[in-house]
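A.B. asks: Here are the chains, one letter per residue:
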Amino acid sequence: MERMQQIVGRARAAFNSGRSRPLEFRMQQLKALERMVQEKEKDILAALKADLNKCGHNAYSHEILGVLGELALVMEKLPSWAAPQPVQKNLLTMRDEAYIGYEPLGVVLVIGAWNYPFVLVMQPLIGAIAAGNAVVVKPSEVSENTARLVAELLPQYLDKELYPVVTGGVPETTELLTQRFDHILYTGNSSVGKIVMAAAAKHLTPVTLELGGKSPCYIDKDCDLAVACRRITWGKYMNCGQTCIAPDYILCDPSIQGKVVENIKATLKEFYGEDVKSSPDYERIVNKRHFMRVKSLLEGQKIAHGGETDEASCFIAPTILTDVSPESKVMEEEIFGPVLPIVTVRSVEEAIEFINGREKPLALYVFSNNKQLIRRVIAETSSGGMTANDVIMHSVVPDLPFGGVGHSGMGAYHGRHSFETFSHRRACLIKDLKMEFVNKLRYPPGSMEMVHL
Amino acid sequence: NPYAGLVSHLRASWLSGKTRPLEYRVAQLEALGRFLDDKKEEILEATELDMGKPSFEAFFSEILLCKNELNVTLNNLCHWMKDEHVDKNLVMQLDSAFIRKDPYGVVLIIAPWNYPIHLFLVPLIGAIAAGNCAIIKPSEISKNTERLVAETLSCYLDNDCFAVVTGGVPETTRLLENKFDYIFFTGSPPVGRIVMTAAAKHLTPVTLELGGKNPCYVSDTCDVTNVARRVAWGRFFNAGQTCIAPDYLLCTVEMQDKLMPALREAITEFFGPNPRESPDFGRIVSDKQFRRIRALLCSGRVALGGQTDEAERYIAPTVLADVLPSDPIMQEEIFGPILPIVVIADMDEAIDFINARPRPLAIYAFSCDSKIVNQVLERTSSGGFCGNDTLMHVTLTSLPFGGIGNSGLGKYHGKFTFDTFSHHRGCLHRNMGLETLNTPRYPPYTQQKLGLLTTTFEVKRRGTCTLL
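Residue numbers (this note's numbering), protein chains in the order written: chain A, 1 to 453; chain B, 454 to 921.
Hints in this document: simulated from the structure, not taken from any laboratory. In this text the structure is predicted, and so the values were computed from the model without any measurement. Mixed in with the good hints, there may be bad ones.
Stated by the list, open to error - Derived, one-sided and incomplete: chain B residues facing chain A with beta-carbon distance under 8 Å:
no.	residue
1	I552
2	W686
3	A774
4	I825
5	C839
6	Y898
The beta carbon of each residue, even a glycine, is placed where N, CA and C say it ideally should be.
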């Protein structure tokens, strides 16, 4: 308790000193982060490999490239984002100054997740620093190598008091959550999301919760199946299915189910070769607990492809399940593994109804040549974000807000949206002490004629 | 669960999709406008019965400001609803990337008693504009207005999609057990915590418009007459029962001496020699509030006013001088027609005083020297700020209205209300062709592929060489 209080207290004192506010300071810290990522690239990739068996290509493109891109974007745009925004005035305020000022919130807490352990602490951190806050960083203990590395590296490059790293598991996080923060950004699952929000409620702390869910993927009969299946295969099996916006399950007409399976199988061979286990590009499940969890979802299912597992290396082969029943276990919780169930539906109406009968997902995917159908699916469903005719990609458009809705979360970040999430937009009206005659209209004694007009 | 039926009825209406078309939303908003027009007299009467609200004030805050919000929304809704297209990178030039404004579903609006129409209606405007269904829970303390709203609003709005729920704490607690897709609460910080805790159980996002003690700093260089008028107006409006009222004044002892006669003059100008007889001065809403506020009078010394009448729940426009930070009146939000003056030595001390306390909903600073006003602004933090006046920043619909820290989270007014009640959904509509562009991202991975990926996806700093 003492330790957390001290760490947060020091961060708060550092914030109160005012040094995180000037733009020059923020840019300097962001530049230092950029240097850190460039100089320590090898160490970061090694940690990701140790934690998730992430190969260099994936680790670089998913985690490092994204971070460098975000840093470049933020450093370029920060002066314009941080500038006061004048607003439209009315007759009474014509001669006044009216604007929205962007101010830091104070001390922000960033809680990361284990599946993309580097980018999921770095990207929020970048936004929080850019907005002028102090930031307490709590990487996931499950991806312990990355957590240790982040704890080592950040103090070497950043202001030690303003941006402390706290490591540990559930007990440490629970303790941390008793402290007062001015914003909490949490990435993880819905159950813990509720705990975080309840803890935040005690201090009236605003939260951004990046949670999860089962992201549906509807494949229309009218579409280029080969292309669709290639894109889906890529998004589903990267990081061994452990991606919050992976297409969780497929909805399609029974008449194309067979073709979908064939196409995915062909793509898998193209991607990982005959023997997936020996492909350097295929990852592993993060730990035994998740391995057992995902494996148990296969029980009683019709395995159209894959199904092989190896506990010793936490390996689960890319797997496809067909004719899956909506009531089965694999359709209950977010899979977060390389298992792709196909649920058949006879029409897009049925697909929409199916999707709307469940919790709002983080992402939604639809593949079709028919623009009207796509527009319809978008209009009649709700999800955090969505991509049509591809998967994952909406999350890499820098100007799109990335976040959930309903059970999949609240709030959003990435790029400008991070800056706004971590800023207070303060309404400012600066009037003149003269021109009092204008004010006389509003003072009592009131004009009753005006009221009864 | 007594409200489960109601909530699921609204949810079914929501799922039917009827609240989504622009025409539907416009029709409901126009109906709200008719409610304000038709029921104007009843609203003035009800608020007068509830807290002696002067007709002029009621017209201004409950009718005029609400109609402004309605008109801003009706004028701009079509534009606000449009998908917002965003910049794309090189690889996505043939794709469509946009932010869609999706309604949340069934929202809950909990309103307080002090501006009982305004504080449910303005959020409701945004909720309807954004395409949601809504349950409105007006305050039971302003019981005449509560009855008016419960009995008449249903004659104007679609009852399948909008409902009014009445009751007190027990009813609100039961209501909060249900799952809503958004909760908008205006009230006190302790209840705000309860609402947010209840919302957490369902992962329901919230906006909390709370309160606090709004400081008002008056520098030595200022036009005392105008300052006194503007501060008195803001303090005594609605008999002080305004979340953004200047709660206490900070100034030097010299300024306190200069302000006193000016304040006396302003009060007399506004309310006559006996404010109790003025039709323009309100009353306290309840006996409980009256007794609470009266107890705060034993702070500092009564320099102006101080008279009370329990039968009428009347507390005179009062100014207390030489108030100490430890006095009772400095321990809670006053929410009554009493202005304590706390003497400080200079602006720095005033800023330190403000920063040592929870962040308020509003901060006011008065000075002829704009540098002083800006110093106070820059060195403090609050929901909103107004220099050289009180209250007025919330009448501009282009400014966001909300708190920070203990004074709240989220914001509304104008487009901000629409945005509050919409989920901003990031959408990317890609081309099924040009599959070769995707090759660099697929396994088997090669250094060449990585190089290609880096080039096409990297955001380069300006001034460096960009390929392609």
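A.B. asks: Please go over all the hints and tell whether each is borne out by the structure.
C.D. replies: Tested hints:
Proximity of B/I552 to chain A holds as hinted, the smallest CB-CB distance being about 6 Å (cut-off 8 Å). This hint holds: B/W686 has a C-beta 6 Å from the nearest C-beta of chain A, less than the 8 Å allowed. Taken as an interface hint, B/A774 does not check out: its beta carbon lies about 23 Å from the nearest beta carbon of chain A, beyond 8 Å. Evaluation of the B/I825 hint against chain A yields a violated restraint, the C-beta minimum of about 11 Å exceeding 8 Å.
For B/C839, the interface hint holds, since its Cβ comes within 8 Å of a Cβ in chain A; the closest pair sits about 5 Å apart. Nearest Cβ of chain A to the Cβ of B/Y898: about 3 Å, under the 8 Å cut. The hint holds.
Against the hints set out earlier in the document, violations occur for numbers 3 and 4.
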